[in-house]
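S.K.: Please take these sequences and the hints and turn them into a complete structure.
So the protein sequences, as listed, match chains A and H. Here the first sequence is numbered in my numbering, starting from 2 and rising by one per residue. Here the second sequence is numbered in my numbering, starting from 3 and rising by one per residue.
Keep in mind that the hints were calculated from the coordinates and are not lab data. Please note that a few of the clues may not be correct.
Covered stretches of chain H (chain A as the covering partner; in silico rule of three or more C-beta atoms under 8 Å from a C-beta of chain A) [as the list claims (entries may be wrong)]: (1) 27–39; (2) 193–199.
Below, in silico cross-link-like pairs of lysine-lysine (DSS-like), each with a Cα-Cα straight-line distance of 25 Å or less [to be verified]: (3) K206/A x K287/A; (4) K59/H x K276/A; (5) K47/H x K287/A; (6) K276/A x K287/A; (7) K250/A x K310/A; (8) K276/A x K206/A; (9) K59/H x K287/A.
Which residues of chain A face chain H? A few of them, derived with a C-beta cut under 10 Å, are [what the hints assert, rightly or not]: (10) S291; (11) K310; (12) W314; (13) A327.
All figures in this text were calculated on a predicted structure; none of them were measured in a lab. We put the CB at the ideal spot given by N, CA and C, even for glycine.
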Amino acid sequence: MMEHLVPLTRFGDIGNGIIWILAFFAVLVGLSGIVNLFRPIRALQRPTGYLLVLLAVVFLAGFAWIGWFHHQIYVRLPLALPANLAQFLNSHLQMMNQGADFGLPLYDAAAPPRYVLPLWLENEKYYFWFMCYALLALPAHFRMQHPRLRAALHILLAVQVGILFGAANPFADPLPNFFGAVEPWFTGNLSPAQRFGLFMQLYPKMIFYYNAEYMWFHPPLLFLSYACITVTFVTSVFMLVRREQEVEKMGYDHARLGFFLLTLGMLLGYPWALKAWRPNWWWDPKICSSIMMWAIYSTYLHTRLYAHKPFMWYFSSFLGILCFLAMIFTFISSFFFPGEHTFV
Amino acid sequence: MLQDMQNGKKAAGRAGALDYWLILATAGVLFAVSVICVYGMFYYKLALVEQLPPAEKAAYLNTMNGVIAPFIIGLILLLGICVPKRLLPASWLYRFAAALTVSAGVLSWRLDITAALTAVLAASLILQLVVLAMAVAGSRRLHFEKSGYWVRVGSSLIHLGLILFVLDLLLYRHLVLHLFLFWVTTGASVLGMVFCFYASAVAGIFRRRENTQP
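M.R.: Encoded structure:
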């Protein structure tokens, strides 16, 4: 139904092509990873490096394609109201905004509100997250002359692309929740009262969620930190097997970047939560698990100060692994535990 | 002289051991907070808290606040002990920790727990500002686990941000001040992390600037 307004088919066709190319490269990288993990072959190292570069380039091309699609939504889907309804709406909004700490902007008929959708909505967030990992795995591959560590990084990348291909393809059914919510506005034959009612459902979500400026910082910083945590996880597993300073150094480099991004991302969620939910969100499951993850991460960085002590070396690597598990738990918690983050 | 050196080494050893145990204690409390968080999540799901009437939901929040409060108090007390460890020798630190715990206990008994925690945080804030000023001035009298000017300034800023953040949580009803302090917290933490984690790069930037100045 939305096809005549937004080029959904074109977006899907080209996007699916990108996903197939990614899957093809990922299969090769994964196979090379499995071989190298069990019996390292020097000849495979260089071609795998090229493959990683290609994967990163294709990932970036797909991301640019998502950007193009969102631009189409911005241009083609304004929430425009008839003049008489606009006047009524503004008087209603003025009344609502009285005494409110964070009010809704008044409707401007000359420039009706438009969706400025961030590039990490619904299944797109997996794409962004795994792209960040691919971009981090690339320098990590060239930095470490360690075939087995490289292999582990490659296998994880292949697994992530597999998830994207099989379960979270953002091009197969683009933004189903978003289009499900806005479709009646653009395709339904609505009475003025129904249109007003629907506007009052769509508009607050547009202002406080889709178009929120925090949406451009809070989620991407967290996904970037998730990618860093994944690299730290790989190094932590290797630290449990053997004490190699170089591996620990690479894990720490990613851990400090990840901690920086995680802390900043979580902090930037705070004023947004106040604006959108008021101080009503404490004990929200996602926030509980995020605090837990941050606490583990913080402990990991503290224990690392004493990594020269044998016990602390292993304890620190154990915490690096635990941090990754906590990240997975935190991410999955949105799906299983009801709360303010459930729809994310 | 030899005796002085041996005493100095012993004191440094004691301070290092205390630092180590403080970190382990902090890790322990953070672990307990994590366990409570996970318990809260499962309870939220299984008891269908989301669907409860507002009064019952508020009662759940109050219960959980009560459960976690002792650990948060413990964390604040640990923070209160950690801050002066930069300033005081180990022997004084034990006395300070004891005095702080007793004062907090007396204040919570005579007034209330919020007043006691605010006092601990206010004292920590003042001490941390002193630590930061001394770190910025390049004082050698501060006791840090790691050396390096920017690491010390960064670490001081991160801890200042942490204290301000906890203090700011007590002011959530005053929205404007709350948000203002929140942004100060964020600025201090971000700068602190950059200085601490990327100390050599920051030092390099400042060195280049000095070299390019005529």
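S.K.: Just to be careful: measuring from the Cβ of K310/A to every Cβ in chain H, is the smallest value less than 10 Å?
M.R.: Since chain H brings a Cβ to about 9 Å from K310/A, closer than 10 Å, the hint holds.
S.K.: Between K250/A and K310/A, does the CA-CA distance stay at or below 25 Å?
M.R.: 16 Å, holds
S.K.: Checking C-beta pairs, does the segment 27–39 of chain H have three or more residues closer than 8 Å to chain A?
M.R.: holds (count 7)
S.K.: For the pair we were handed, K206/A and K287/A, check the Cα-Cα distance against 25 Å.
M.R.: Cα-Cα ~20 Å, so holds.
S.K.: Given the hinted pair K59/H and K276/A, is their Cα-Cα distance within 25 Å?
M.R.: 21 Å, holds
S.K.: Assess, step by step, whether the Cα of K59/H is no farther than 25 Å from the Cα of K287/A, and give holds or violated.
M.R.: 17 Å, holds
S.K.: Do the alpha carbons of K47/H and K287/A lie within 25 Å of each other, as the hint requires?
M.R.: 12 Å, holds
S.K.: Would the hint on A327/A be counted as holding, given a Cβ-Cβ threshold of 10 Å to chain H?
M.R.: At about 8 Å, which falls below the 10 Å cut-off, the nearest Cβ of chain H leaves the hint on A327/A intact, so it holds.
S.K.: Sort out whether K287/A lies within 25 Å of K276/A, counting only the CA atoms.
M.R.: Within the cut-off at roughly 18 Å; holds.
S.K.: Hold the hint about W314/A up to the distance rule: shortest CB distance to chain H must be less than 10 Å.
M.R.: 14 Å, violated
S.K.: Three residues minimum, CB to CB under 8 Å: does the segment 193–199 of chain H make the cut for coverage by chain A? Let me know.
M.R.: holds (count 3)
S.K.: Holds or violated: K276/A with K206/A, Cα cutoff 25 Å?
M.R.: Given that 25 Å is the threshold and the Cα spacing comes to 12 Å, the pair holds.
Hint compliance for this structure: hint 12 is the single one not met.
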